[in-house]
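*Asks:* Protein chains in written order, with our numbering: chain D, 466 to 745; chain Z, 141 to 495.
Source of the hints: derived by calculation from the structure; they are not laboratory data. None of the values given here were measured: they were computed from a predicted structure. A hint or two may mislead.
Simulated restraints on C-beta separations [to be verified]: (1) D/Leu-578 - Z/Ala-248: 50 to 58 Å; (2) D/Leu-588 - Z/Pro-177: 57 to 65 Å; (3) Z/Thr-489 - D/Val-568: 33 to 41 Å; (4) Z/Ser-376 - D/Ala-570: 45 to 53 Å.
Heads up, the beta-carbon is just placed ideally off N, CA and C, and yes, glycines get one too.
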Amino acid sequence: MSAVKKTNPALIVGKYAALAFYLIFALFPLYWLLKIGLTPDALIYSEGTRLFPSEITFSNFTTVIFQTDFVAYFRNSLMVSLGAAFFTTLFAAGAGYAFSRFVFAGKRIIIALMLVTQMFPLLMIIAPIYKVVADLGLLNSLTSLVVVYTAFNIPFATFLMQSFFDGIPKDLEDAAMMDGCSRFQALRKVVFPLTLPGLGATLGFVFTAAWSELLFALMLISRNDAMTFPVGLLTFVSKFSVDWGQMMAAGVLALIPSCLFFIFIQRYLVQGLTSGAVKG
Amino acid sequence: MARIELRDVAKRYGSVEVLRDINLEIQDGEFIVLVGPSGCGKSTLLRMVAGLEPISSGDFLIDDERMNDVRPRDRDIAMVFQSYALYPHMDVARNMGFSMEIRKDPLAERKSKVAQAAETLGLANLTDRLPKALSGGQRQRVAMGRAIIRDPQAFLFDEPLSNLDAALRVEMRLEIARLHQKLSATMIYVTHDQVEALTLADRIVVLNGGDIQQVGSPLELYERPANKFVAQFIGSPAMNVVPVVGTEFGVTAGNGTEIKLPDQPLAAQAKELGVRPEHIDVVNNGTGDLSAVADVVEHLGSDTNIYVNVEGIGSIMVRKHGNIPVKPGERLGLRIQTENAHLFATDGTALRRVA
Ligand SMILES: Nc1ncnc2c1ncn2[C@@H]1O[C@H](COP(=O)(O)OP(=O)(O)OP(=O)(O)O)[C@@H](O)[C@H]1O
Ligand SMILES: [Mg+2]
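Just chain D, with the same shape it has in the complex:
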């Protein structure tokens, strides 16, 4: 009599079928993006619904890279997104640590206020933001976008970071301080290495949010050389036609940094870094 239960083969098949279904469902739009990007212009409408184009071309990609301002948009987006991700994570880590570890006057009020800011639809505050940015003379600058994105992402990022700090037992810092660390040393040598997954997740979250943000970018930037990628994408839409092939090619290219970014941080996203620290 074996204690190990035999796994039903039907269950295994079912599990993989469900996974496959989910993958196809999730990845199909991406495939379509790539497909249209690779389809020659002439065939886009005539073969609109074919799963595989009868002919493949890279001309859309070369046109986008060499004959449009795409590279400039791309660079602008990269700067804005990296800047926003960096500053947001920096502030959120500091604030999250304070919320997680210290008791101070007004803590509840600050947390409540931060929650309140998350409740307003962005459309409501577009006009005042525009006015503030214009008065500061920051219209058409990438700085304005970095500042606005950082400001909008800090509350959520702070809660995210706080929950990561909450997951690190306080005893670890105490132990480090007993071992001779100052609070800052304990932070750097013990807490920081354990927070890497949290920092990675926050960076990734803010980066992708900033990378695809359209509303503020559209409103605060009108000069072509300061446009970010999502705004630039709209230039493929002219009054009379939409250049689908180039637009999709640009879209595919725009996916690359997000993918690279996540490949880079995914090893910090693995869970269980703190396992073994304290009793069950």
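Given chain D, work out where chain Z with the ligands should sit, using these hints.
*Replies:* Chain Z with the ligands in isolation, oriented as in the chain D frame:
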């Protein structure tokens, strides 16, 4: 090596008073054991000595110097945490050597000390493992190693052996005793284990509900407990305590039995009588002070535990050395060793016999 003194120390979380009126003088090189029920404030007291928890009021002194506001790192105290608190991203060797790493001790010295400590603690072949790949007992020993690798003024242990099996526990207990003899450092040790407390301590501090109940040598606490709580807390199995009515010559138990206590002049004020299980003799039925019916009998080899029912009083436990051939349901007589009996007043304080 340090003299630690606590004067009127209290700890409050908001309006909740967790510890109050803590007065304690710990001599240089003394081994103090803190015992008390769960939640009585043992860890909190330890953390205040360590500097990890602010002291709400009172004075904390090391070698006559007030240290209330001194940072943990400047107190030169090592602590073993109840939760182990191992650094999960460092291997065993680095965990143990972390304090030396912070002090920037030379690598060679660090390595040899870590190797030596790992040897002592039976961790020699585990030094390159991460904490998550260790068992509970192994983690606990790494936590010990992290403390003993230093040469601090004082050690604080918060239930350091609670997760070890019986054999390892005895071994580690001896190791701690040896460590104390070798370093003659001041030690404060929290435990729930009676044997650890009684064997290791120079003095035991009994805490309950945030108050110190009694401070004294193991024998003092066993022979002359200050109150009912200490009497029942120290000693295993616990003391039998039954309500009585005090008379001029002794006490009268619930079933009307009179027990003469010639050497207890304060008996008249007694409300309860306490007798340890080992201070009751089993005699022939019909003789002795009480007549009882055996309920459950446990043969431990070296000792026999007999739970008996006494009509009008209730369940009483008797412990006798050796193997006593008593069967459940058997009627027996009990004789109380009155010279070892304890009397308690209404508020639970012990009525001390004179001399
Ligand atoms: N931050 C806090 N706020 C309020 N009460 C607290 C706080 N920390 C601890 N306490 C209370 O202080 C009391 C003492 O806690 P402590 O951890 O010192 O107990 P202990 O004697 O070590 O118990 P155990 O044997 O279970 O480890 C407990 O009743 C606990 O509820
Ligand atoms: Mg405790």
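*Asks:* Indicate whether the distance between the beta carbons of D/Leu-588 and Z/Pro-177 respects the range 57 to 65 Å.
*Replies:* Roughly 60 Å apart at Cβ, these two residues keep to the hinted range, so it holds.
*Asks:* Between Z/Thr-489 and D/Val-568, does the beta-carbon spacing fit 33 to 41 Å?
*Replies:* 39 Å, holds
*Asks:* Z/Ser-376 and D/Ala-570, beta-carbon distance inside 45 to 53 Å?
*Replies:* 48 Å, holds
*Asks:* Can the suggested window of 50 to 58 Å be confirmed for the beta-carbon pair D/Leu-578 and Z/Ala-248?
*Replies:* Since the Cβ atoms of D/Leu-578 and Z/Ala-248 sit about 55 Å apart, the hinted range of 50 to 58 Å holds.
Hint violations for this structure: none, all hints satisfied.
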